[in-house]
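Line order of the protein sequences matches chains P and F. Using the numbering used here, the first residue of the first sequence is number 961, and each one after it goes up by one. Using the numbering used here, the first residue of the second sequence is number 23, and each one after it goes up by one.
Hints were generated in silico from the structure; no laboratory data involved. From a predicted model like this one, the values you see are computed outputs, not experimental measurements. Hints are all accurate, no fakes.
Short, incomplete list of chain P residues facing chain F, as computed with Cβ under 8 Å:
| id | residue |
| --- | --- |
| 1 | Arg-1103 |
| 2 | Lys-1243 |
| 3 | Leu-1269 |
| 4 | Leu-1305 |
We put the CB at the ideal spot given by N, CA and C, even for glycine.
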Amino acid sequence: MSATRRMIPNVRPPAGIVIFAICLPAIVLGGPAMLQANPSLADAVTGVQPKVVKIYGAGGIQGLEAYQSGFLISADGHILTTWSYVLDTADDSVGVTLSDGRRFEARVVGNDPRLEIAVLKIDARDLPYFALDQAVEIAAGARVLAFSNLFGVATGNEWVSVQRGVVMARTQLSARRGAFKTTYDGPVYVLDAMTNNPGATGGVLTDRRGRLVAILGKELTNAQTNTWLNYAVPITELNSAVVDILAGKTRPRAASRDNVKKPKEPIQLQMFGLHLVPDILAKTPPFIDDVDPESPAYLAGLRPDDLVLFVNDRVVGSCKALLEELTFVDRLDAVRITVQRGQELMEVTLEARP
Amino acid sequence: MTQFERRAPVGRLAAIHCLRSSRLQRCYWTRTALATVVPRLLLLVALGMPLPAAIATRPGIAQDNPDDQEQVIEDAVRRIAPSVVRIEALGGLEKVGQVLVGQGPTTGLIVSSDGYIISSAFNFAQQPSSILVTLPSGQRTVAKLVAQDLARMLVLLKVDTEEPLLFPNAVPRDAMRVGQTAIAVGRTFDAAQNNVSVGIISALNRIWGKAIQTDAKISPTNYGGPLIDLQGSVLGVLVPLSNQSQSEVAGAELYDSGIGFAVPLSDIYRNIARLKTGKNLQPGLLGVSLKGTELFSAGVVIGACPAKSPSAKAGLKIGDRIVEVDGQPVNWQAQLKHAIGPHYAGDSVKVVVERDGQRLEVEVVLTDAVEPYEHSFIGVLPGRDRDGVGVPIRFVYPASGAGQAGLVQGDRIESLQGTATTSSAQIREVLAGFDPGAKISLGVRRGGEMRIVEVTLGQLPGDVPVQLPTARSALPDVADRPPSGVVPIRIPEDDHECIALVPATVHPQGQYGVVVWLHPPGGFDDKQIAERWQTHCEQADLIVLAPKSADANRWLPTELPFVRKALDQLMRSYPIDAARIVVHGYQGGGALGYLFAFEHRDLLRGIAAVEAPVPLRAAPPDNDPLLRLAVWTAYSAKSKLAGPIKQGADRLQASKFPVTTIPLPEPRYLDDQELAGLVRWIDTLDRF
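Work out the full structure, taking the sequences as your base and the hints as a guide.
Below, the structure is given as structure tokens:
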């Protein structure tokens, strides 16, 4: 049996950041004409499809789809997919449909909450699969194929949807604190195709020859631009975690980045002898109002009317952001501050007096 | 709303687009590549420039080999990379209009070796307090915002640096082909690396000729960055654009949809010297009003051409038909927009018009802002009898030009500037070509004597005369009169109710003004309307049209089309005086009245609002020489909305609409006396 829709106790809301526009769902590429016209691409698709599976689990309410995608990573039925609410079922089992239409009840072998991946297992043999250690790395501009059951278009023995695009960038997902609502903060491929839509997560990204590259991520908005983000996590980042999961090693739930440890005794501006202008606007620019004579700030050369731009290389666009950033700095640590004075940038390192 | 619902509609659009693009793209690889490359090579040779080595030594370009494609794209991006900079705009607003702007890094393109950088205005819509540019060496520097191009939504930045900077080649417009590969390049995810999206050029000459279109994924991750071809030359600079709105964030809702725009770099290079002077570039305007508002109906005829406008200075006149601009034929208004769209204020364009069967060519210097048009005023009310020669004078405003020239009630205006006058409407149309302060000559007959009088034109007054003589003599008895009293007005296939209150004296040869009454929350009953208006309707020749909102407690802006249909229906059934159609409303009805008046300028000549502000979302239109709109607003200083009401009225006054303000002692509807004042104001709207 499969495709069970279960109520779930732990509903993860979809990326709840205010966006300013609709984003786009995906594009199913591939009529027969395309395949004929480009045999090498057709070969790639034909080689990949039997390794991709459709996963059905919890969800089905409040716009949370009860399905996602995954792909086989061993001949005897191990499946790599995204750790998400879909897998969070009462009995730790989900429905899996292979590309040939065979249905299985899959067991969740283990997961890595920080990397947001999980390994499933079905009872089957001699399946085609991707060898994780043969995954390749690619660069921006590389043409890629994304295979996933986005929007649940494919059912039964239908092949999942294929999308074509290029790698827009390879970058760290955690470019700034709180930029994305996910616990994963490693490297990702950002894609220029609309891959990350409901049901796509756990799908596979290959290069144009069909070689394993990455696993499709969740639906996230990029907080730096307030736009939807299409990304995939390189397999090379996940290899050792999968080995651990298969070896039965439990991986501790890592602290999410939202709870990055703050020091008990954070630094305060006064300790440097710095005073900001009164914070009266929604985003008051962090201008220095006053510098205590002979204070560390004064000796480092900071002066009234300097505008603070960065604290330890993090952008601080307002008084509020500056104060927030300082709560992450222990009072025993040095702080690197970049200020703008007229058209000049100046960087100083401040240490509080003991 | 779920994400699925939110995303689905445009997705279909994107899907269609992408399927199409995949085909076009393959087509490009096999055929169009050479077609595009070869003319450019010829061009370079013709200019005596050395051939770029990369082009000459890449024989595999036209082959359908995916590995080569990737390599070609990578090379192209690598070539442009040193000119693509990362920009950080710090501080400023979080929201621009309804749009939550991102705070992340954006992209810019170096356009000169001495530190000028072009970028998208979207990236600076939040009005940042600091702008930092990371130069190719990795050095962060402070940038100055030099000037903005408000027609193409670009900004020019300047950094001071000793670092050698590379600026790119621009692909000329005539070398661009729809279907050729286009690569969008940004530098937002990573300072050391470009982000790329690959697509094709999907259209040329978009947004009234200002931009090209691409199906590469354009979003805040690459706004301000270049759209390049496979040689790494720059086609354009990526910007969100809309052909309807001029805001920095307009068009951004199309991000990643496969509909993206780029301003050709060749256009930017051509105008960059002007931006470098630090003056913003504004869209260029001819300063004329056209007859009709249809973009695609034939015949582009000047309806008004105020004396201060550049067109009038160039010698254009009302009635001229524009047939050509800069050598491009103009048959309908959209073509005129296309011809003028790419130009800035200060540019001069060659305009060919037809006047009396003759072709006439003039050079018009476009302007950035047409001064608000102000109607001129002789200072009389016309009598409404339609017999005899010329137009009889019903009333002379004492302080007006007419008053000072000694005109009196009973005089007949038989000519204006030497042309015979036939109706008050005709006089108003001629006056549209004159500004207040100008002098005109009137042929005035008093008794048997005809004389020419010179009158200095004034402005339309806000004050309403306390007493008015009757507008017409008694009409002959007639057997057949149209229906009167409370008459139901029915619109086919519309469930709304609507009544008209028609005076019992209604006469087929009369001319009736219309008061469209938009009721306040709570609706109205027919009897109350009849009691309030009956006498006024009879004395001032008025018909009250009272539509009912579906929900008696509130009007929806979507109900305005029904109101318009009811008005059209009324005008088909009764003889209506086009100079005296007003919309009148109390509270919410008044606010909606402003929307109605602004949207239906072709019919509405007045808006009379009681205790109602101009809605914030209603952009007050420009005053129009031909389509007059007078404003009458009554409110109490004690009203909660007194501030916004006054602000709205002031705004309209500043736009040169004639505004009459009536103070009320309490926030309430009008009493008998105030209502009588309103009726007198309506009675004067055929003034000139």
